[in-house]
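If you want the building blocks of each chain, they are given just below.
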Amino acid sequence: DVKVTQSSRYLVKRTGEKVFLECVQDMDHENMFWYRQDPGLGLRLIYFSYDVKMKEKGDIPEGYSVSREKKERFSLILESASTNQTSMYLCASSSGQGGYGYTFGSGTRLTVV
Amino acid sequence: RKEVEQDPGPFNVPEGATVAFNCTYSNSASQSFFWYRQDCRKEPKLLMSVYSSGNEDGRFTAQLNRASQYISLLIRDSKLSDSATYLCVVNMSAVGGADGLTFGKGTHLIIQP
Chain A
155 DVKVTQSSRY LVKRTGEKVF LECVQDMDHE NMFWYRQDPG LGLRLIYFSY DVKMKEKGDI
215 PEGYSVSREK KERFSLILES ASTNQTSMYL CASSSGQGGY GYTFGSGTRL TVV
Chain B
-5 RKEVEQDPGP FNVPEGATVA FNCTYSNSAS QSFFWYRQDC RKEPKLLMSV YSSGNEDGRF
55 TAQLNRASQY ISLLIRDSKL SDSATYLCVV NMSAVGGADG LTFGKGTHLI IQP
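In order, the protein sequences belong to chains A and B. For the working numbering, add 154 to where a residue sits in the first sequence, where the first one is 1. Numbering follows the working numbering, in which position 13 of the second sequence is assigned residue number 7; successive positions increment by one, without gaps.
Keep in mind that the hints were calculated from the coordinates and are not lab data. Treat the hints with care, as some may be off.
[Claimed, not checked] Reference listing, derived: stretches of chain A covered by chain B, where coverage requires no fewer than 3 residues with Cβ under 8 Å from a Cβ of chain B:
{"no.": "1", "region": "195 to 206"}
{"no.": "2", "region": "255 to 266"}
[As the list claims (entries may be wrong)] Result set (DSBU-like, lysine-lysine): computed pairs, CA atoms no more than 30 Å apart in a straight line:
{"no.": "3", "chain 1": "B", "residue 1": "99", "chain 2": "A", "residue 2": "157"}
{"no.": "4", "chain 1": "B", "residue 1": "36", "chain 2": "A", "residue 2": "224"}
{"no.": "5", "chain 1": "B", "residue 1": "36", "chain 2": "B", "residue 2": "99"}
{"no.": "6", "chain 1": "B", "residue 1": "99", "chain 2": "A", "residue 2": "209"}
{"no.": "7", "chain 1": "B", "residue 1": "36", "chain 2": "A", "residue 2": "157"}
{"no.": "8", "chain 1": "B", "residue 1": "39", "chain 2": "A", "residue 2": "211"}
{"no.": "9", "chain 1": "A", "residue 1": "167", "chain 2": "A", "residue 2": "207"}
{"no.": "10", "chain 1": "A", "residue 1": "167", "chain 2": "B", "residue 2": "39"}
{"no.": "11", "chain 1": "A", "residue 1": "157", "chain 2": "A", "residue 2": "207"}
{"no.": "12", "chain 1": "B", "residue 1": "39", "chain 2": "A", "residue 2": "157"}
{"no.": "13", "chain 1": "A", "residue 1": "157", "chain 2": "A", "residue 2": "224"}
{"no.": "14", "chain 1": "A", "residue 1": "209", "chain 2": "A", "residue 2": "167"}
{"no.": "15", "chain 1": "A", "residue 1": "167", "chain 2": "A", "residue 2": "225"}
{"no.": "16", "chain 1": "A", "residue 1": "225", "chain 2": "A", "residue 2": "209"}
{"no.": "17", "chain 1": "B", "residue 1": "36", "chain 2": "B", "residue 2": "73"}
{"no.": "18", "chain 1": "B", "residue 1": "73", "chain 2": "B", "residue 2": "99"}
{"no.": "19", "chain 1": "A", "residue 1": "225", "chain 2": "B", "residue 2": "39"}
{"no.": "20", "chain 1": "B", "residue 1": "36", "chain 2": "A", "residue 2": "172"}
{"no.": "21", "chain 1": "A", "residue 1": "224", "chain 2": "A", "residue 2": "207"}
{"no.": "22", "chain 1": "A", "residue 1": "224", "chain 2": "B", "residue 2": "39"}
{"no.": "23", "chain 1": "B", "residue 1": "73", "chain 2": "A", "residue 2": "167"}
{"no.": "24", "chain 1": "A", "residue 1": "211", "chain 2": "B", "residue 2": "73"}
{"no.": "25", "chain 1": "B", "residue 1": "99", "chain 2": "A", "residue 2": "211"}
{"no.": "26", "chain 1": "A", "residue 1": "224", "chain 2": "A", "residue 2": "167"}
{"no.": "27", "chain 1": "B", "residue 1": "99", "chain 2": "A", "residue 2": "167"}
{"no.": "28", "chain 1": "A", "residue 1": "157", "chain 2": "A", "residue 2": "167"}
{"no.": "29", "chain 1": "A", "residue 1": "172", "chain 2": "A", "residue 2": "209"}
{"no.": "30", "chain 1": "B", "residue 1": "39", "chain 2": "A", "residue 2": "209"}
{"no.": "31", "chain 1": "A", "residue 1": "224", "chain 2": "A", "residue 2": "211"}
{"no.": "32", "chain 1": "A", "residue 1": "167", "chain 2": "A", "residue 2": "211"}
{"no.": "33", "chain 1": "A", "residue 1": "225", "chain 2": "B", "residue 2": "36"}
{"no.": "34", "chain 1": "A", "residue 1": "207", "chain 2": "B", "residue 2": "39"}
{"no.": "35", "chain 1": "A", "residue 1": "157", "chain 2": "A", "residue 2": "225"}
{"no.": "36", "chain 1": "A", "residue 1": "225", "chain 2": "B", "residue 2": "73"}
{"no.": "37", "chain 1": "B", "residue 1": "73", "chain 2": "A", "residue 2": "209"}
Backbone N, C-alpha and C fix where the C-beta goes; we use that ideal spot for every residue, glycine too.
My request is simple: use the sequences and hints to build the entire structure.
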């Protein structure tokens, strides 16, 4: 069964901490994505990557950075966590040009206190 | 502006009834269309793709109307387990690409016994 695995299901961090969210996929997909999902706002794209060492800003990149050193791994970094970054973070991957949809990880619920 | 619009609901429907949702999209060049299902506190999962000729999978039927730029999902003989949020997803990139999928905010369905 193909998988997108996110390293943590629940995470609590303090304001100002540097936070790393890890995502690994085993499907040899080219494309990987980080979204956050908040009530009433739906899924919002933070960053995506279509190749190793490549990254593109999504709709809400401020306060975040990403790293893709290997094809299977895409990391989201919160440089200095703030309370407004409390959210559900979802990683996804896809092959080609999105014609087959995305596969999502199970999500990381991050709380910044 | 990329946009996918859905009625957020909730739709409260008795078990066994038929329910239909619509979703409209703004980019006439959109190429591929999907319905995703998301259970509470879980990740979105692909329910079905939507083809120009329509698509049926058991009790679920999805249809595309390119002229009016909407897609629909019909659920027949609804079950309690159908209770979830249904996300309309559209590939709005004219030439495909990793950033192509745009997600609606979802329609919340509650099947009542």
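Quick rundown of the hints versus the structure:
no.: 1; hint: 195 to 206; result: holds (count 7)
no.: 2; hint: 255 to 266; result: holds (count 8)
no.: 3; hint: 99/B <-> 157/A; result: holds (24 Å)
no.: 4; hint: 36/B <-> 224/A; result: holds (27 Å)
no.: 5; hint: 36/B <-> 99/B; result: holds (15 Å)
no.: 6; hint: 99/B <-> 209/A; result: holds (25 Å)
no.: 7; hint: 36/B <-> 157/A; result: holds (15 Å)
no.: 8; hint: 39/B <-> 211/A; result: holds (24 Å)
no.: 9; hint: 167/A <-> 207/A; result: holds (27 Å)
no.: 10; hint: 167/A <-> 39/B; result: holds (28 Å)
no.: 11; hint: 157/A <-> 207/A; result: holds (21 Å)
no.: 12; hint: 39/B <-> 157/A; result: holds (12 Å)
no.: 13; hint: 157/A <-> 224/A; result: holds (16 Å)
no.: 14; hint: 209/A <-> 167/A; result: holds (25 Å)
no.: 15; hint: 167/A <-> 225/A; result: holds (28 Å)
no.: 16; hint: 225/A <-> 209/A; result: holds (12 Å)
no.: 17; hint: 36/B <-> 73/B; result: holds (19 Å)
no.: 18; hint: 73/B <-> 99/B; result: holds (23 Å)
no.: 19; hint: 225/A <-> 39/B; result: holds (22 Å)
no.: 20; hint: 36/B <-> 172/A; result: holds (25 Å)
no.: 21; hint: 224/A <-> 207/A; result: holds (8 Å)
no.: 22; hint: 224/A <-> 39/B; result: holds (25 Å)
no.: 23; hint: 73/B <-> 167/A; result: violated (40 Å)
no.: 24; hint: 211/A <-> 73/B; result: violated (40 Å)
no.: 25; hint: 99/B <-> 211/A; result: holds (21 Å)
no.: 26; hint: 224/A <-> 167/A; result: holds (26 Å)
no.: 27; hint: 99/B <-> 167/A; result: holds (27 Å)
no.: 28; hint: 157/A <-> 167/A; result: holds (26 Å)
no.: 29; hint: 172/A <-> 209/A; result: holds (20 Å)
no.: 30; hint: 39/B <-> 209/A; result: holds (24 Å)
no.: 31; hint: 224/A <-> 211/A; result: holds (19 Å)
no.: 32; hint: 167/A <-> 211/A; result: holds (24 Å)
no.: 33; hint: 225/A <-> 36/B; result: holds (25 Å)
no.: 34; hint: 207/A <-> 39/B; result: holds (27 Å)
no.: 35; hint: 157/A <-> 225/A; result: holds (14 Å)
no.: 36; hint: 225/A <-> 73/B; result: violated (40 Å)
no.: 37; hint: 73/B <-> 209/A; result: violated (42 Å)
Violated hints, in rising order: 23, 24, 36, 37; the structure is consistent with all others.
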